[in-house]
Amino acid sequence: MLLPATVYILALVGLPFLIAIVYSVTDVTVGDTSLDFVGLDNFRRIIKTPQFQRALSNTLFFAIVSQVLIVVLATALAELLSRDFRGKRVVWFLIILPWATPIALGTVAWLWLLDSQFSPIDWVLRSVNLLGPGTLLGPEDHMVFLGREGLAMASVIMVHVWRLLPLAAVIVLAGLTTIPRDILDQAEVDGAGFWRILFRIKIPLIFPIISIAILFGLILTFGDMAVVFVLTRGGPIYYTQVLPTWAYFVGIEGGSLAEGAAIALFLFPLLLAVAILVLRSSRRMEIS
Amino acid sequence: MAVVETRDIKKYFGEVRAVDGVDLSTHDGEFLVLLGPSGCGKTTLLRIIAGLEQPTAGEVLLGGEVVNGLPPRARKIAMVFQSYALYPHMSVFDNIAFPLKAHGVSKEARKTKVGWATSILGIEKLLERKPRELSGGEKQRVALARALVREPSVFLLDEPLSNLDAQLRASARDELQQLQRRTGITTIYVTHDQVEAMGMGDRIAVMYQGKIRQLGTPQEVYDEPADTFVATFLGSPPMNLIEREDRLVGFRPERFLPTEAIELHADLVSFSFAVTRVEYLGADRLVYGAVGDVSGDTKAVSRLPSTVTVPIQPGDSYDFAVQTADLKFFDKVTGLRTGPRPF
Ligand SMILES: Nc1ncnc2c1ncn2[C@@H]1O[C@H](COP(=O)(O)OP(=O)(O)O)[C@@H](O)[C@H]1O
Ligand SMILES: [Mg+2]
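First to last, the sequence lines map onto chains A and B. Counting from 1, position 187 in the first sequence corresponds to residue 187 in our numbering; the numbering is continuous, with no gaps. Counting from 1, position 250 in the second sequence corresponds to residue 250 in our numbering; the numbering is continuous, with no gaps.
What the hints contain is simulated information worked out from the structure, not anything from laboratory work. All values reported here derive from a predicted model rather than from experimental measurement. Using N, Cα and C, we set each Cβ at its ideal position, and we do this for glycine too. It is possible that some hints are incorrect.
[To be verified] Not everything, but these chain B residues come out facing chain A in the computed CB check (under 10 Å): (1) I77; (2) A78; (3) A85; (4) L86; (5) H89; (6) R146; (7) L156.
[As the list claims (entries may be wrong)] Mimicking SDA-like on lysine to any residue, the simulated pairs with C-alpha atoms at most 20 Å apart in a straight line are: (8) B:K101 / A:R196; (9) B:K76 / A:D182; (10) B:K101 / A:R200; (11) B:K130 / A:F207; (12) B:K76 / A:R196; (13) B:K130 / A:P208.
Throw the hints in and build the complete structure from the sequences for me.
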């Protein structure tokens, strides 16, 4: 029973990982596939490049900001969905939509929404007189969402949040439903209002679940290149370059396999540490 | 002015009439027990009084004012749930201090109040513990302390002893009653256990199918039941009921005795009692059998104290009797109590 699964995991996860580790300490390139051991030279070299430094800080910024947004929005959404109201089904449908559509398709749709010439968002902004000469966001006729430093990063974050929000909301909602009704009623009788119940009762009680969700979210974010790749390819210049896309550009497009592997692996120790920490603390919370 | 009053409260969940027209009015400082079988609407009524549930119709008054629209936190009530509903992630201290915090009481005052409540309930040593480190009895006390700490005008207690084992329950019953006497806080206590109700209540409201069937002192509801439901719900074994013409005639098992064991021989109604089974319970004997009436034999029970030593064997018939004054008459159709009749 376990054997096929083990083989599968080893072949699809273990092997590429191992190859990446081996590559990262050699001088392999697309043109010269001989493996000569060079120690940590690759890492030392890439760290010094400004592109890498920018990609690293972008990755951290991208991951942290999107996670904060996802946690806050998912909690709000789950809180909303745990109540009964008219049109709840419609809200559910809208929430599941980003999750049900293929990533590339959704991102392409965003590409159109954020297009420099044909963005419908620009059109809406112009028609309500927020964009154009003499307006708040003017004087240009276009926002050029993906072409400006801050806006490009904001767009990437927004699309990523849009993608991960459904899963996060469902996880938080599942957590909320595990809280016994009596506890919430008791808090209400004890005089707690909405915010106190949310921050003193609900969130602490589902914290182990939230922290696991954050862990998965971080791993998905650190390892993800789809959104950035389709929307901006790291641009403008390298303002939205993140480590996975930079590893791809260096390793695959640039042919420098060893450096690409080193870039891709750079965050691995950090992720491992975060994972261990979160899993440990959430288990301790369960026991205590 | 009643501390708690309900006027024709109704609560329907679709087809289910959980509460179906309840008028209730507490006396100041009393211990009122809501007694009824499981599913009769006790919890729903309590939740409506607490403000956790909106009634389909009717009014709730606290201190003479209609509070229908008010959320629970705006009513000066404290509630203890059947599960105790302690906040699992908070220490005992934080649990008890929670209602105070929610009402903006200062840190100093919180400490004093928590100290006061915990000393009354004898749980000062548990303040640092988490709920999962407490026994059932300790949890119950923490829940009570949390209810007490705000000095509410009303206590609503929903079967607070049902999660304790039998031994603990007896002493907890005692403590709870003492606590109520000492604090003088008007209390509505829900239970399905008639022993608890009889032992603790100043008055008992007997509830069935969403309606209050009778409200009275324990003695009143036991001795003068308003209908056949109350008559058979209270007392163990329940009141015997036999048919006589258009009536049902009821008498308590402990009033149904062998004729020779009754000293006063005036005003007796005699029955021939065909005994089928005798249970020896130490202090009592329960004698099961049948008495003849118009529609044939009706099952009946007699409860004989150990002072009655008349030998009784299953399979034989004996002369049993009830004093006329101990007979209760009920309408056969409605089940309601009617006046005494010549038998
Ligand atoms: N939220 C609810 N939705 C539907 N039916 C309910 C709900 N709460 C209670 N009921 C029904 O109302 C009746 C009374 O319930 P409850 O007040 O809990 O009774 P008790 O506390 O006396 O056992 C039961 O038949 C129960 O199934
Ligand atoms: Mg109940």
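Can you name, in rising order, the numbers of the hints this structure does not satisfy? No hint contradicted; all consistent.
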